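If you read the sequences in order, they're chains D and C. Going by my numbering, the first sequence opens with residue 1, and the numbers climb by one from there. Going by my numbering, the second sequence opens with residue 1, and the numbers climb by one from there.
Note that these hints are calculated values from the structure, not bench results. Just to be clear, a hint being listed does not mean it is correct.
[Unchecked claim] Below are the DSS-like pairs computed for lysine-lysine, each with C-alpha atoms no more than 30 Å apart in a straight line:
#1 C:K69 / C:K101
#2 C:K113 / C:K69
#3 D:K38 / C:K113
#4 D:K52 / C:K113
#5 C:K49 / D:K38
#6 D:K52 / D:K17
#7 C:K49 / C:K101
#8 C:K101 / D:K44
#9 D:K52 / D:K38
#10 D:K38 / C:K101
#11 C:K69 / D:K52
#12 C:K58 / C:K101
#13 D:K17 / D:K44
#14 C:K58 / C:K113
#15 D:K38 / D:K17
#16 C:K49 / C:K69
#17 C:K69 / C:K58
#18 C:K49 / D:K44
#19 D:K44 / C:K69
#20 C:K58 / D:K44
[To be verified] Beyond 12 Å from chain D on every Cβ pair, some chain C residues (computed):
#21 L7
#22 F14
#23 S52
#24 H75
#25 E88
If you're wondering where the values come from, they're calculated on a predicted model, not measured in any experiment. In this text, a Cβ means the ideal position worked out from N, Cα and C, and glycines have one as well.
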Amino acid sequence: DAMVIQNPRYQVTQFGKPVTLSCSQTLNHNVMYWYQQKSSQAPKLLFHYYDKDFNNEADTPDNFQSRRPNTSFCFLDIRSPGLGDAAMYLCATSRGNSPLHFGNGTRLTVT
Amino acid sequence: AQSVTQLDSQVPVFEEAPVELRCNYSSSVSVYLFWYVQYPNQGLQLLLKYLSGSTLVKGINGFEAEFNKSQTSFHLRKPSVHISDTAEYFCAAGGKAAGNKLTFGGGTRVLVKP
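Looking at chain D on its own, in the form it has when it is part of the complex (with noise of 0.2 Å):
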C-alpha cells in the first residue's frame, strides 16, 4: 500500500544535541509538510515543500531546518533540541487539493 512512513517511531536526544527524523513516501506526492504536536495540542505546521520549493512559517524557529533530497524523502532537523522542543512531529504528503496524508509520526523525546 502506498504510504507515508516516518521514522523512528519514538527518539530520544540530549539537550542541544542534534537530532534528525525522516520521512519517506510512496504515494509520489508532490507536497510535504512537516507539523509539530504538542500534547493535547493541534498540530502546528512548520514548513513544508511544494516540489523542491522550500516554505518555511513564519514563527517556525531558526532550531528546525528540512531538508528534501528527492520528492521521496524529507528531514526534519533541530540543531539545538531544546526541553520546549518535546513532541510529535507528523510528516504528511498532499498532490494538488487532495486530502493530506499523514505519518504515524516521532515522539520526540528531549532529556
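Given the coordinates of chain D, assemble chain C onto it according to the supplied hints.
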C-alpha cells in the same frame, strides 16, 4: 486568513449513543473542509472531506458531516458510537488561497463509555 474553532474540547458519550462534534470556520475565500481522527500515538487519518458539491458528506466508520455555508459550520456526526471511536478528532480547513496548507481546530477528545 483562516481560522477553525472546535467548540468542545471533550465529549463524553455512551456506547451506541449518537455524537455530534461542532466545528466552525472563518475564511474570506472558498475553503475545503476536513475531519481527521487521531488514535493515541498515531498520525491523523482522514475521516471525510468537503471540496464542493453535496453539502452532506459521508466518510469512513459511519461518520458524516454537513457543510453549512451560511453558518460557516462543518459539524461531524455519528448516529451510534462504538468504544473504538474513542479518539481525538480534528476539524481542518484548507484551500487554494492557503496553498493547500491546513489550519486545524484545537481538537475534540471523544470518550466512549460502555
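Kindly indicate which numbered hints from before are broken by the structure, ordering the numbers from low to high. 2, 4, 11, 23, 25
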